[in-house]
Amino acid sequence: MKRFPDKLPKDLVADFYKQPKIHIDRVVEAKTTRIQNIQNYSLAPYSGTFGLAERKHLLNRTVVGLCKRHLQDLEGLDLDQAIEHILTPELLGEPTNNYYHDMDGAAYAAQYNNEDVAPGAPFIHRPYVRNNPGSEEQFGWERYSAIISWVNNSVYEQQTSIHWKLFVFLHNLVPTRCFDTIGHKGGYLYIKLLFDACFGSYKQFIYDVTLDPSMLVYLNLALSQKDTPDENYAREVQELFTVGKRPFAQFSESDVREIARALVGWTYDYESLVYGEGTERHTVFHEWNHDSGDKHFSEFYNNRTITGRSGPEGADELTDVIDMLFETDESAIYICRRLYQFFVYPVLNDQIESQIIAPLATIFKQNNHSMIAVLRVLLKSAHFFDASITNSLIKSPLDFNFSILKELKIPEGNLEYWDGSTSHKQHYNPGHPAFQVKNYSPDTLAYDIFAKHLNWVTHNQGMQLFSPPNVSGWPAYYQEPVYDLFWINTSTIKARKNMSFWVRWGMWCYSYEDRGVNLKYDLHRYLSGFEQPDDLNAFLDEFIERMHAAPMRTELKSQWINELLGGLPMTHWTEYVRQFLDNPTQENENQLQWRLDNVFFKFFELSEFHIH
Amino acid sequence: MKRRSFLHKISHAAAAPMVLPSIFHQVVANNKTTYLSNTQTEGRILVLIKLDGGNDGLNTLIPMDQMNNLSQVRPHVILPENKILQLETHDLGLHPELSGFKSMFDEKRLKIIQNVGSVTPDFSHFRSMDIWQSASDYDEYINSGWMGRFMENQHPEWPLSYPNENYPDPLSIELGGAASLLFTGNQSFTSYVATDPGGFHEDILFDPMADYPDDYLGMKLRYIDLIKNQSNEYSEVIKRAYERGQTTHEFGNDTYLAQQFDIMTKLITGGLNTRVYMVSIGGFDTHDTQVDPNDHAQGQHSLLLRDLNQQVSKFMLNLDTANRSDDVLCMTFSEFGRTIVSNGSRGTDHGTAAPIFIIGNNIDPEILGNNPVIPNNARWEDNLATEFDFRSVYASVIDQWMTPENPNSEDILGETFPQFDLLRPQNPFDTTKWVLYPNPATDYLQISVPDGITNIQYAIFDLTGRKHVEGQVQTDKSRHCVVTIDALPKGVYLIHVNTHITLKFIKQL
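Residue numbers (my numbering), protein chains in the order written: chain G, 1 to 612; chain Y, 1 to 509.
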């Protein structure tokens, strides 16, 4: 009995709350009907107003975490200029030694045998010191953390560019757990490869990533043996990285085996990678472990034969395989489909397939498999600005967290000493005993914020970078019918709530009893960035317009304003704010900040903030 | 491909809801509810144990009659024969680490079904895990999970009107990190993801609207608000149960699976009446270094099985102590087995059929299926034949364990699958097979009786020992008796039936 149409069913969101009872023919029916309020299916350039709402939408889909400075960067630009601005590549720095303070001096010296780079200096070219041969595979946590903090810090400081979002796209589409088995350098190389590939050819990227040490390990090519070739990579390179799944791509099980045969022999030199100087990836091709027989492919690949080669020429079979994969029509369609789902909206329908995806696939092929060429057309299109597409997606954990961090500039905020026994609060003062427990250099802060706090909350929210649930990436990007609803469940919603605590109480650096040190956003700087900070209504309206997906209820807003003012008239806000902005003493700050934060954090918790 | 028919049986349509106190404790039987009629009172529990990555069945349950050929075709991973735990009266053995499973087999609370899989296999993890979780055919794409559909089938109002008076506790709980396809319904997720029930609890803010806009934005706002509400309500009851819950056999904190079992055990013993749990353990994708080169009984796979063995055994011991082990059924599953042949990296690759383990005090302990036949010239592409469609297991679990009073696996799975006897045949003299309902009752009691009982004699006492009513009634064709109690005053009563059965009920007005 065939219960479902041959075509891949698309989505069930229209029936989200409509089906009273699950019945199998209702399921079939549901799979063919869904919310269809998209009006515009045109790839022609959008010609309407390009105002705040449109800039916001464009940035929501292209930067990691919208905030005021990104909007400012697009001010005064028309759509063409804005797109070109966004499609500008960024530069990538190098991770530095910000972990030295995470161990006490003796432990640090023992771990690195006093041979590590100086604090603050780049370390990636330096291997782990092999000072304990018995535990040589026990890599330090600290360099992993340093790289995580480097990536997160880079995203925090990102330009108004699509570069990091495209990085996340590639990481989700072609993921590895790059720190699992080969230490910090393997992880770094994977990250660097993805970053550099964003503005290049996707086909070249697939060639390169095939030979990336973390991928060679993650999908087993490194351990594949000639007589019993491992199929893992051979399968995923088709199913997930290039031509896609059945029923669209009809590659066969024998195609999987034949690609496994064509790629056997590739591995990497563990010793040189992990213990060598420099940043070479040390990928090698072992001729003796290559299957030199011919490889025959199915009808899906036009019954092609890849001629088997022995000796060093065996390595060229990889090129033939990649060529074969990218010669299929399905590969361009599949990548464009994934780009669309990530950058626009995950639900597809026939019109999107025929009027959006298909023409984009042509562009992709004609432009040497450039994702940027596709995005240039897609992000500028009338379809992209269709009203049903704006403010329609639940933010990924990355977008959610970075939006808060960047909007409030929490990492650039004030360190505060808080004494609950006296309700006393005071800014960082190197002489104060409370701050002498730990050295609060910028290194320390970056490490604590970006490697510890942020990495942990993203884990709890279901999206920790370099730790994808599996090689398919995160379900929110592919799992029908729920897609982005996947980010929200009874567990992750609690972890998202914790972020609003950073707004209210600051990010705790350490605490004991009811005292401690936390990092708090700089209220003076934050308020100064608003058009009319001394008008509470205008202040909140500007915030909501920028950060929320929809206006909040007027009654709720009034209620919260009342809470904030404690029943006093609005003029008190004006008075407090002017006084504080003119004269930012600790006292003036204190009396304003607790009043504001007791209510302001709720704006980050409201459901309207979770959507963009 | 035609599905092999093995033990065709129309599901237990007439089976009465079963009560489950063990024969070792109380004579006064509580009237336990079967599946999902509420989460107010104790009832049956299903625990799904997901083995991520594709467990190597041939090194988990070893067909001892095939050892010669196995050593030839999988030399890199073959287990030393003298360490394998032999199952008496069977040509089968368990991996050396599965000593607890062996004990449970001896105690007749382990059921094994050999060669379970998809009739036409798929070798991709994701596709195959999707197939297992959605219960689809190999060539169809279903985007909901079988448990999600089951929950939606039983709970048409989910999630809009939950929690409520009758269902204060979550319907199902996942102990892993993220909501899975298995619990994904057609309308929403049906599980509560409990990673840290003892942790932070403060209400999450939301602003429910009277009328959400009818577009993507409105749909998402509504969904987020719903989940916030549910999260607030559920975290309260979970926290309470977790704090009350106890373990008598400590799980420790060493592995992720141990942590999950620890939480689950505390929730159950703490009085949470959630009926379905899922725990998971990853790492079974043993393409390489599956075994230690010096001792094949050691290595990655053995560590995983050791973990599994310890936690499942301790779980049952904990529930034995808490008198709840009669109420649980545990079932393992994995997306596929592994190749017959081993590879040069001391591992095995994606394969097909593998055994499933079902654990519970009430299971029929028969081992189903034939030992797989291993060709001595097996090649890379040869795989084990599937003997039992995995959905037959689901159908049996749904119709015999979850909703025996109203078998509906066909609605959930989309077609009828042959079933096997999941539970032990009923013993007519087993005092636990008598069911009394409704309870509380107003005008009459129905008593469902075991096979072979044609009439009953009864007497009703109040708690002071005073006899109120006595009489005799005939059993109808569906093995029910009706006792009229409209004359009784409001209160708690005991009914003695055929002198050896005592059941408790509440009379209300």
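No lab work stands behind these hints: they were computed from the structure.
Be a bit skeptical, because a hint or two may be false.
Restricting the straight-line Cα-Cα distance to at most 27 Å, the calculated cross-link-like pairs of lysine-lysine (DSSO-like) are [what the hints assert, rightly or not]: (1) G:Lys192 to G:Lys497; (2) G:Lys497 to Y:Lys490; (3) G:Lys245 to G:Lys425; (4) Y:Lys467 to Y:Lys490; (5) Y:Lys239 to G:Lys602; (6) G:Lys226 to G:Lys192.
* Hint consistency between Lys192 of chain G and Lys497 of chain G [alpha-carbon to alpha-carbon, up to 27 Å] -> violated (33 Å)
* **Restraint check for Lys239 of chain Y with Lys602 of chain G, where alpha carbons must lie at most 27 Å apart** => holds (24 Å)
* Within a Cα-Cα threshold of 27 Å, do Lys245 of chain G and Lys425 of chain G meet the stated pairing? -> violated (58 Å)
* Is Lys467 of chain Y within 27 Å of Lys490 of chain Y, Cα to Cα? -> holds (15 Å)
* **Given hint Lys192 of chain G paired with Lys226 of chain G - CA-CA distance at most 27 Å** => violated (30 Å)
* To do: Given the hint that Lys497 of chain G pairs with Lys490 of chain Y, test it: the Cα-Cα distance must not exceed 27 Å.
  => Since the Cα atoms of Lys497 of chain G and Lys490 of chain Y sit roughly 48 Å apart, the hinted pair is violated (cutoff 27 Å).
Taken one by one, the earlier hints fail for this structure at numbers 1, 2, 3 and 6, listed in ascending order.
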